[in-house]
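Protein chains: 2
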Amino acid sequence: MDAATPQPRKRGRPPRAPDAPSDTREALLRAGLVALTEKGFSATGIDEVLSTVSVPKGSFYHYFKSKEAFGAELIDRYAAHFAARLDRHFADDTLTPLARLEAFTRSAEASMARHDFRRGCLVGNLGQEMGALPEPFRQRLAGVFADWQVRTASCLARAQAAGEIDPDRDPDQLAAFFWIGWEGAVLRAKLERTAAPLRTFADGFFALVRG
Amino acid sequence: MDAATPQPRKRGRPPRAPDAPSDTREALLRAGLVALTEKGFSATGIDEVLSTVSVPKGSFYHYFKSKEAFGAELIDRYAAHFAARLDRHFADDTLTPLARLEAFTRSAEASMARHDFRRGCLVGNLGQEMGALPEPFRQRLAGVFADWQVRTASCLARAQAAGEIDPDRDPDQLAAFFWIGWEGAVLRAKLERTAAPLRTFADGFFALVRG
DNA sequence: CGATAATTAGACCGACCGTCTATCTAATTC
DNA sequence: GAATTAGATAGACGGTCGGTCTAATTATCG
Numbered sequence: 001m002d003a004a005t006p007q008p009r010k011r012g013r014p015p016r017a018p019d020a021p022s023d024t025r026e027a028l029l030r031a032g033l034v035a036l037t038e039k040g041f042s043a044t045g046i047d048e049v050l051s052t053v054s055v056p057k058g059s060f061y062h063y064f065k066s067k068e069a070f071g072a073e074l075i076d077r078y079a080a081h082f083a084a085r086l087d088r089h090f091a092d093d094t095l096t097p098l099a100r101l102e103a104f105t106r107s108a109e110a111s112m113a114r115h116d117f118r119r120g121c122l123v124g125n126l127g128q129e130m131g132a133l134p135e136p137f138r139q140r141l142a143g144v145f146a147d148w149q150v151r152t153a154s155c156l157a158r159a160q161a162a163g164e165i166d167p168d169r170d171p172d173q174l175a176a177f178f179w180i181g182w183e184g185a186v187l188r189a190k191l192e193r194t195a196a197p198l199r200t201f202a203d204g205f206f207a208l209v210r211g
Numbered sequence: 001m002d003a004a005t006p007q008p009r010k011r012g013r014p015p016r017a018p019d020a021p022s023d024t025r026e027a028l029l030r031a032g033l034v035a036l037t038e039k040g041f042s043a044t045g046i047d048e049v050l051s052t053v054s055v056p057k058g059s060f061y062h063y064f065k066s067k068e069a070f071g072a073e074l075i076d077r078y079a080a081h082f083a084a085r086l087d088r089h090f091a092d093d094t095l096t097p098l099a100r101l102e103a104f105t106r107s108a109e110a111s112m113a114r115h116d117f118r119r120g121c122l123v124g125n126l127g128q129e130m131g132a133l134p135e136p137f138r139q140r141l142a143g144v145f146a147d148w149q150v151r152t153a154s155c156l157a158r159a160q161a162a163g164e165i166d167p168d169r170d171p172d173q174l175a176a177f178f179w180i181g182w183e184g185a186v187l188r189a190k191l192e193r194t195a196a197p198l199r200t201f202a203d204g205f206f207a208l209v210r211g
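Chains as they are written, first to last, in the UniProt record's numbering: chain A, 1 to 211; chain B, 1 to 211.
Everything labelled a hint here was simulated from the structure, so no lab data went into it.
By construction, the Cβ of each residue, glycine as well, lies at the ideal position given by its N, Cα and C atoms.
Hints should not be assumed to be uniformly reliable.
Partial pick of chain B residues on the chain A-facing surface, computed with a CB cut under 10 Å [unchecked claim]:
| id | residue |
| --- | --- |
| 1 | Thr37 |
| 2 | Leu95 |
| 3 | Ala99 |
| 4 | Ser107 |
| 5 | Gly124 |
| 6 | Arg138 |
| 7 | Leu141 |
| 8 | Leu174 |
| 9 | Val186 |
| 10 | Arg188 |
| 11 | Leu191 |
| 12 | Asp203 |
| 13 | Gly204 |
Ranges of calculated distance between the beta carbons of each label pair, as one might list FRET restraints [unchecked claim]:
| id | chain 1 | residue 1 | chain 2 | residue 2 | range |
| --- | --- | --- | --- | --- | --- |
| 14 | B | Pro136 | A | Ala83 | 34 to 40 Å |
| 15 | A | Ala113 | B | Pro136 | 21 to 27 Å |
| 16 | B | Pro134 | A | Pro136 | 29 to 35 Å |
| 17 | B | Val150 | A | Arg88 | 50 to 56 Å |
| 18 | A | Asp47 | B | Glu48 | 22 to 28 Å |
| 19 | A | Asp92 | B | Ala146 | 16 to 22 Å |
| 20 | B | Asp92 | A | Val53 | 55 to 61 Å |
| 21 | B | Pro134 | A | Ser59 | 29 to 35 Å |
| 22 | B | Thr96 | A | Asp47 | 53 to 59 Å |
| 23 | B | Val150 | A | Asp116 | 37 to 43 Å |
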C-alpha cells in the first residue's frame with residue numbers, strides 16, 4: 001500500500017514477453033487468412049475459424065481484442081508477406097528488371113492455381129467490402145497498395161534505366177496502373193476460377209509497356 | 001431526404017390503384033441496388049433495404065422468392081443497364097471508335113463521383129464476394145463480364161479498322177484486358193474514394209493502346 | 001356473401017459477436 | 001512439495017440481427 005517501491009523479487013510465474021510466439025495464435029491467424037481470402041471479412045464468422053483449428057471461443061478473445069483487431073493483424077501480415085515476396089523477386093539479378101516483375105506475376109499465378117483459384121487477394125477482398133467494414137480498415141488497405149506500388153515503381157525505374165521501357169513514361173504511374181489492373185485480374189480469376197485473366201492482364205501489360 | 005414515410009401503410013390488400021404494376025417492387029429493387037453496390041450482398045440485410053423504403057418486412061417474400069432471387073434480379077437489371085449504356089456510347093458517330101470507349105470511362109467516372117465514390121460496380125462487388133455467395137451467381141456474373149466484353153470488342157475492332165489501334169492486336173484480348181483493369185480501377189476508386197485510379201487506368205490504357 | 005387475390009404482422013430459428021466464469025497448466029519462489 | 005501468480009482453455013450465455021414462413025387482414029370479384 002505504500003508508494004511504488006521496486007520489488008526485488010516477485011513470487012509466482014513471471015509475465016511472458018509481449019511478443020512471445022504462441023502456436024494457437026499462429027493457427028488462428030493462418031486459418032483466418034484462408035477464410036478471409038476466400039470469403040472476406042463480413043462473411044467469415046469467428047466460430048468458423050475457431051472450429052477449423054479446434055480452438056475454443058475463450059481462446060480467441062484471449063489472443064485478440066476483437067474480430068476487428070484480428071482482421072487488422074491479418075492485413076498487416078499479408079502486406080508484409082507480399083512486400084517481402086516482391087522484394088525477393090525484384091532482387092533477382094539473373095533477370096532483367098521487367099522480367100522480375102513478370103516472374104512475380106507467374107509466381108502469384110501459381111499460388112492461386114495451387115488453391116484452385118478459390119482464394120483472392122486479402123487486400124482486394126477487403127477493399128471491395130470496405131462499405132461494410134470498420135472505417136479504420138480503409139487507410140490500412142490503401143496504405144498496403146501504396147507500399148506495393150512504391151516497391152514496384154522502383155523496379156520499373158530500373159527497367160527504364162535498362163532501356164526496357166520508353167524513357168518518357170513515369171514509373172510511378174506505371175506501377176499504379178499495374179496494381180490497379182492486377183487486382184482486377186485476381187478478382188476475375190477468382191470469379192471464373194481460371195488463370196486466364198491473370199495471363200490476359202500480364203501479357204497485355206508487358207506487351208504494351210515494352211511497346 | 002425523407003423518401004416517403006408519411007403513411008404507416010394499411011394492412012391487407014390495397015385498394016385498386018391505377019398505378020403501374022407494383023411500385024413497391026420497383027422501390028425495393030432500387031434500394032437494393034444502392035445497398036449492394038455500396039456494401040455487397042452478404043453485408044446487406046433485407047431489413048435494411050426494407051426500412052429505407054418503408055416497406056414492411058412481411059412484404060419482401062411476397063415480391064421475391066428469396067434474397068438470392070432478389071440478388072439475381074438485381075444483377076440482370078444492372079447488366080442490362082450497362083449494356084445499353086455501352087451501346088449508346090458506342091453508337092456515337094460524332095466520335096472516333098476509341099474516343100467512344102474513352103467517353104464511356106468519363107461518364108462512368110462522373111457517375112461514381114456523383115455518389116462520392118461510395119458505390120462500386122455491382123458485378124465486381126459480388127464477384128469478389130463469390131466465395132460466400134450462392135453458386136449460381138458465378139455463371140451469371142461471369143456472363144455479364146463476357147457480354148460487356150463482346151460489346152467492347154466490337155468497338156475496338158472498329159477502332160482498329162479506323163487505324164486507331166495497331167492492326168496486330170486482337171480486339172477481343174484488348175477488350176478483356178480493358179474490363180479486367182477497369183474493374184480493378186473501380187475497386188480502388190471506391191476504396192480510396194477518389195477518381196484517380198479510374199483516370200490512371202484509363203489514361204494508361206489509351207496511351208498504351210494508341211502506342 | 002363466399003371465394004380468392006394481394007399484402008402485411010409478427011413469430012421463428014439459427015447465426016453471429018462478444019462476455020463471463022470456471023478450470024486447468026506452467027513457471028517460479030519459499 | 002506447497003504456495004503463488006500468470007497464461008491458456010473451455011464453452012455456456014446474452015442480445016442482436018438476419019432470412020424465412022405462416023397466419024391474419026383487407027380488398028375485389030363472382
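Here is how each hint holds up against the structure:
At its closest, the beta carbon of threonine 37 (chain B) sits 8 Å from a beta carbon of chain A; the interface hint therefore holds under the 10 Å criterion. Look at leucine 95 (chain B): its Cβ only gets to about 22 Å from chain A, farther than 10 Å, so that hint breaks. Annotation: interface hint on alanine 99 (chain B) violated; nearest CB of chain A at approximately 19 Å, more than 10 Å. Interface restraint check for serine 107 (chain B): the shortest CB-CB distance to chain A comes to about 19 Å, outside 10 Å, so the restraint is violated.
At about 7 Å, the closest approach between the beta carbon of glycine 124 (chain B) and any beta carbon in chain A falls short of 10 Å, and the interface hint on this residue holds. At a threshold of 10 Å, the smallest CB-CB gap from arginine 138 (chain B) to chain A is about 7 Å, leaving the interface hint in force. For leucine 141 (chain B), the interface hint holds, since its Cβ comes within 10 Å of a Cβ in chain A; the closest pair sits about 6 Å apart. With its C-beta approaching chain A no nearer than about 7 Å, leucine 174 (chain B) sits inside the 10 Å limit, and its interface hint holds.
For the restraint placing valine 186 (chain B) at the interface with chain A, the shortest Cβ-Cβ distance is roughly 8 Å, inside the 10 Å limit, so the hint holds. Residue-level restraint check for arginine 188 (chain B) holds (minimum Cβ-Cβ distance to chain A is 5 Å; threshold 10 Å). The beta carbon of leucine 191 (chain B) is positioned within 10 Å of a beta carbon in chain A (closest approach about 4 Å), and the interface hint is therefore held. Taken as an interface hint, aspartate 203 (chain B) checks out: its beta carbon lies about 8 Å from the nearest beta carbon of chain A, inside 10 Å.
Restraint check, glycine 204 (chain B) versus chain A: the minimum CB separation of about 4 Å is within 10 Å; hint holds. The hinted range of 34 to 40 Å is satisfied by proline 136 (chain B) and alanine 83 (chain A), whose Cβ atoms lie roughly 38 Å apart. Taking the beta carbon of each, alanine 113 (chain A) and proline 136 (chain B) are about 24 Å apart, inside 21 to 27 Å as hinted. Range check, proline 134 (chain B) to proline 136 (chain A): about 31 Å between beta-carbon atoms, so the 29 to 35 Å window is met.
The hint said 50 to 56 Å for the Cβ distance between valine 150 (chain B) and arginine 88 (chain A), and at roughly 40 Å that hint is violated. Range check, aspartate 47 (chain A) to glutamate 48 (chain B): about 23 Å between beta-carbon atoms, so the 22 to 28 Å window is met. Against the hinted window of 16 to 22 Å, the Cβ-Cβ separation of aspartate 92 (chain A) and alanine 146 (chain B) comes to about 37 Å, which falls outside the hint. At about 57 Å, the CB distance of aspartate 92 (chain B) to valine 53 (chain A) agrees with the hint of 55 to 61 Å.
The hint said 29 to 35 Å for the Cβ distance between proline 134 (chain B) and serine 59 (chain A), and at roughly 32 Å that hint holds. Between threonine 96 (chain B) and aspartate 47 (chain A) the Cβ separation comes to about 57 Å, which falls inside the hinted range of 53 to 59 Å. Separation of valine 150 (chain B) from aspartate 116 (chain A) is about 27 Å and departs from the stated range, judged on CB atoms against 37 to 43 Å.
Hint compliance for this structure: hints 2, 3, 4, 17, 19, 23 are broken, all remaining hints hold.
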